[in-house]
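**Q** Line by line, the protein sequences are chains A, B and C. Quick note: the first sequence uses our numbering, first residue 118, plus one each step. Quick note: the second sequence uses our numbering, first residue 60, plus one each step. Quick note: the third sequence uses our numbering, first residue 104, plus one each step.
Take the hints with a grain of salt, since some may be wrong.
So the derived list for chain C, only partly shown, Cβ under 8 Å to chain A, looks like this [stated by the list, open to error]:
#: 1; residue: Val177
#: 2; residue: Ser193
#: 3; residue: Pro195
#: 4; residue: Arg220
#: 5; residue: Ala265
#: 6; residue: Ile311
Here are the simulated lysine to aspartate or glutamate pairs, DMTMM-like style, with alpha carbons at most 20 Å apart [unchecked claim]:
#: 7; chain 1: B; residue 1: Lys144; chain 2: A; residue 2: Asp202
#: 8; chain 1: C; residue 1: Lys125; chain 2: C; residue 2: Asp113
#: 9; chain 1: A; residue 1: Lys407; chain 2: A; residue 2: Asp223
#: 10; chain 1: C; residue 1: Lys268; chain 2: C; residue 2: Glu106
#: 11; chain 1: B; residue 1: Lys89; chain 2: A; residue 2: Glu267
#: 12; chain 1: C; residue 1: Lys268; chain 2: C; residue 2: Asp307
#: 13; chain 1: B; residue 1: Lys89; chain 2: B; residue 2: Glu193
#: 14; chain 1: B; residue 1: Lys89; chain 2: B; residue 2: Asp233
#: 15; chain 1: C; residue 1: Lys125; chain 2: C; residue 2: Asp329
#: 16; chain 1: C; residue 1: Lys268; chain 2: C; residue 2: Glu135
#: 17; chain 1: B; residue 1: Lys144; chain 2: B; residue 2: Glu229
#: 18; chain 1: B; residue 1: Lys144; chain 2: A; residue 2: Glu283
#: 19; chain 1: A; residue 1: Lys407; chain 2: C; residue 2: Glu135
#: 20; chain 1: C; residue 1: Lys268; chain 2: C; residue 2: Asp297
#: 21; chain 1: B; residue 1: Lys89; chain 2: A; residue 2: Glu283
No lab work stands behind these hints, which were simulated from the structure alone. Glycine included, each C-beta is placed from N, C-alpha and C at the ideal position.
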Amino acid sequence: MSDFLIHVTIMAGIFSLLALSLNLQVGFGGLMNFGQIALFGCGTYGAALAFEQDLGMLTGLFFGLVAAAVVGWVFASIGRNLQADYWGIVTLALAEVLRLIATNEDRITGGAQGISGIRPFFPGLESRPQQLAILALVLGCVLVAWLLCERLTGGRYGLGLKIMREEPQLSASLGYDILALKRQCMVLGGLIAAVSGFLFAHYVSFVGPDQLGTSETFLIWAMIVIGGLGNNAGAILGAFLLQFTFAFVPFVKDLTGLPTEFVAATRLVLIGGGLVAFILWRQAGLIPEKTGRARHV
Amino acid sequence: MLQFLIDVLMRACDLALVAIALSAVYSLMKFPNVALVQYATAGALLAILFQRSGVPVWLAIGCGVGLTGLIGVLLNEFIFSRMLKSGSATAMIGSLAVSMIISAVFLLAVGPTATRFALPISRPMRILGARITEWQLWSFGVVAGALLLFALLYFRTDLGRQMRATATNEVLADATGINTRRMKALIVLISGLLAALGGVAIALKGEISIQTGLDLLLPVFAAAILGGLGNPFGAVAGALVIAVAETIVTNTNFGPLLGRAVAFLPAAYATAGSFLLLVATLLWRPRGIFVSEVKRV
Amino acid sequence: MSEPLLALTDIHKAFGANQVLKGVGFSIAPGEIVGLLGPNGCGKSTLLNVISGFAPADQGAIRFAGTDIGRLAVDRIARAGLVRTFQLPSMPRRMTVAEVLTGARARGTGFAGLFARPPAEDAAEVDRLLAELALTHVRDLPAAALSGGQKKLLSIALVLRARPKLICLDEPTAGVHPNLRAHMVGLLRRISADGVTLLIVEHDMHFIRELCGRCVVLDRGSVIADCAPAELTANERVVEAYLGNARDKGARA
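Just chain A, with the same shape it has in the complex (with noise of 0.2 Å):
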């Protein structure tokens, strides 16, 4: 059981960082980015490629930053004059399109089958120990990632990308370059959701297309609107919760009795049904934003 345990807080760990990677921008950014998955797929298929050239683990980080990095900008400068639903659109669709792309290039992507047998971490240590040095090691980023971002929205960059995102007009005519603040934004937001990927990869050694779907952007937007938008604690906590809760799901099922449909027809009510219930009774979260914060040296 507790082998089941560290499981799921290892993935709830890697899901933390996309949690709080989409939480930046679109809690602090108001940015709709529907094409998430696809910068964490950059972190994935980084870590593969570099697994299946042999370049060594840390070349396949490098590898998913500087994809992630280049993702995000483009993100970011296209239809700048495009209103936010519109845009989340456009994000939705060229993340499709690079998740049909990883599809159909066999040689280079594996294809429909993907990467298999890539290498985790601590490969010589046994099996329990090995658990507990990645769940350590998952946790260590989340912390990291956790600190950086608190310290990047509640100082000066926090404070002008939150006036861009209630009211760009204003924003402009202060000085803030809109185009820069978004383009940081989903840059560092990529960076971060690249290294949830490069863990991911290596923790279940198979990377494929199938786990680049759009249900898994909504997952994670589920993750930061009932954590609660805008909170950088609030993202880790919707993560822990939604992936602990769907860990137990098919423990219901079995005791129940119900059939096998019903885990994921659970899932999907779950996701759903929590982002409706939180929309219309509590939109702040579980954990509001935070306001009247910005602490100064």
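Add chains B and C to chain A, keeping to what the hints say.
**A** Only chains B and C this time, still in chain A's reference frame:
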């Protein structure tokens, strides 16, 4: 050549009705209702279920479509209108969430595999060297018939005039004495019926599954936006353009360009083509290729 | 004669078939307080939008502090020292007044700046501005929760944070309580004394007379007068423009 035309026409029929529904509702409610593609699946699934319980097929279709339209109105009244008060982006996410819940219901009702109407199998006919089945013709008939009826309603009746006025400028329409509340409900109802009918048309000539709706999402958006939001018949034209683009993308022999005898793009890239067309439209002609009256972008 | 701070030459702007600005030109010297007046529909707001970069001119040149700003983006113009307020100021909902004021100083967004906190001097300046505008008691409220008049004051404070050389004010007294108006006159005088040049679009003649050394009057897209406030009533074209408009609309002058 005729086969090409038939393929294009069939694909366009898949998209046309749902695209009109999206176009009408998007311009009226001012947010992209992602759940609409699920209405298409719902209409078809409900009709199939009605048929299974003994209802003759055409009556089953009528009931399925009607019921879906009603559900659409209820969802709009109690959920989407409320969410819209928090902004269009929030409503979009909300519609996403509702879409997931609907998917879950489908999963539990019919499972993940595709289903079809219980129809007598007919051998494909050959017309001038092109293949077409009887049910493809019926499907086309349904779509054409629906378009004709809708056109008559929209352009030739007083009710249609009022609907058009409400869709173009609600405030002004209200001021001229039109009952805009009723008109809005009517437009929502009709778009739900059209979307459901669109799903039925797809199911008539093949099969339908939970995935069908999701796969429709981006192409339908592309068609609606290409045609210009708020311009229902522009959406039909948009559907044709998308269908042509997709068919050309996968049927063109790029061999000569690459110095080979034969080089085709994989079939999966068909949808990629329409997504890129969508992105291009949003970036350069966000008001659609016919420049509709809808101002917001 | 030193170079003017802002020089407009032959500005034309049309919206579709509607020619809103027809060859507007005037200059503002550093340190002046200039009023921009005219009957409704004369093009004042459009001119303000053109100057501040929110709308491009079809024709004509705008020079500010020696640079041609006609083709520059809004934020570049702001960083060059030309800022503006809005007639209906819209303030953030999820930020407090103090936060917005702190964030109003847009610094370069280089890498080092990403993780920086606002320096301590900012806190002092924010406190000082809040006190000067009598907004200290609302500093921790969401900025959108302020009254209309308070938002107008706040928007002046915000642009001050940007260290402007020239502030264009878009109808600062519209919808503002008379008590607050007097406060605003004092505030703007102090700002001017600190060396900031002001261009004020306004309808309120008392306000203009108390503050402005000079008035530019627009009518139907052209400049019809450029003189001291006292001389306005003697100017036939100005009187005609206001009365003529009033006669056309059947309203009282």
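**Q** Hint by hint, which ones does this structure get wrong, listed from lowest number up?
**A** Those not satisfied are hints 6, 9, 11, 12, 13 and 19.
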